[in-house]
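Peer 1: Quick note on UniProt numbering: the sequence shown kicks off at 1 and runs consecutively.
None of these hints come from the bench; they were simulated from the model. As the structure is a computational prediction, the values presented were derived from the model and not from experiment. Virtual Cβ for every residue (Gly too), placed ideally from N, Cα, C. Worth double-checking, as some hints may not be accurate.
Stated by the list, open to error - The calculated label-pair distances, taken between Cβ atoms and stated as ranges, are:
hint : residue 1 : residue 2 : range
1    : A127      : A61       : 33 to 43 angstroms
2    : A47       : T134      : 11 to 21 angstroms
3    : D102      : E138      : 19 to 29 angstroms
4    : E19       : D102      : 16 to 26 angstroms
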Amino acid sequence: MHEVTVHATGHEHVRATHESTLELTTDDWLTPAGDCIVGVEADTTPADLPGAFVEACQDEAALLTAEFRADDTTATVNGRGDPDLTFEGERSMVFRTSAYVDDRTVMVGADGAADDLDRDLVAALEAGADLTVTLRVE
1 MHEVTVHATG HEHVRATHES TLELTTDDWL TPAGDCIVGV EADTTPADLP GAFVEACQDE
61 AALLTAEFRA DDTTATVNGR GDPDLTFEGE RSMVFRTSAY VDDRTVMVGA DGAADDLDRD
121 LVAALEAGAD LTVTLRVE
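Make the full structure from the sequences, and use the hints.
Peer 2: Now the structure itself:
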């Protein structure tokens, strides 16, 4: 198993209403249209992830878990890897319920998206709480 921790911050425009994706961005701003973004000022992008983690995720049998934690609330999203994942994105990372892959994608086939997150977690992020995302791949 490989594990990586990503830190980000909530923002007043976090809405988490997107039905197929969940995103973290390195940008320090967010507009209300960014309904899949749950954290800004992320300290890690797909391009920053360690080689061993990336290689493990590029297996279609890889099982991935992303645990989102802010204040005392946690939400977990499970998905899978894919041989087409490039991990070249340098601005944001995206968790997808679909099989679509681009340079920002870190997980496909996710069992949840932004709109599935616990609303207490979303409220904490909207209030600007610190966000910790623990990524695991088996």
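Peer 1: Hint by hint, which ones does the structure fall short of?
Peer 2: none
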